[in-house]
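Colleague: Sequence:
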Amino acid sequence: MLKSARVKNGYSQEYLSVILKVSSSRISRWERGKTAMTLEQILMYASKVGIQSTKIFEFLARNGQPGPLPIAEIHLEVFTEEAFRRLSQLVSELGIEHVTIKTKRLR
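Quick note, the sequence shown lines up with residues 1 to 107 if you use full-length UniProt numbering.
What follows is a set of in silico ranges between Cβ atoms, one per label pair, in the way DEER data are often shown:
hint, residue 1, residue 2, range
1, Gly33, Glu81, 42 to 48 Å
2, Thr35, Asn9, 18 to 24 Å
3, Ser23, Val99, 42 to 48 Å
4, Ser25, Asn63, 19 to 25 Å
Result set (DSBU-like, lysine-lysine): computed pairs, CA atoms no more than 30 Å apart in a straight line:
hint, residue 1, residue 2
5, Lys34, Lys8
6, Lys48, Lys34
7, Lys3, Lys34
Don't read these hints as lab results, they were simulated from the structure. C-beta atoms are modelled at their ideal positions from N, C-alpha and C, and glycine is treated no differently.
Turn these sequences into a full structure, and let the hints steer you where they fit.
Modeller: What follows is the structure, given as structure tokens:
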């Protein structure tokens, strides 16, 4: 993930090493998963190559395995507290490995 983002931006390991103030061999070890990165290094690397830091953390949490791709995105407008409660309960029962939910209180 790190290498592909770096290459996509046209950055060499040497160029990125200067920006991040580490050796190019360290960049190489990070990209190959041979050396752990600190939280600060993850955030700096992500910002320099245009990766959302949350995407890196998701990737790390999955141990580099690709996550399931969504098959649908549904937008709902809920008009009652009861409907909101029941929908939230249903999503909770399905589990976060099957469904994610983003909510926005309008009132």
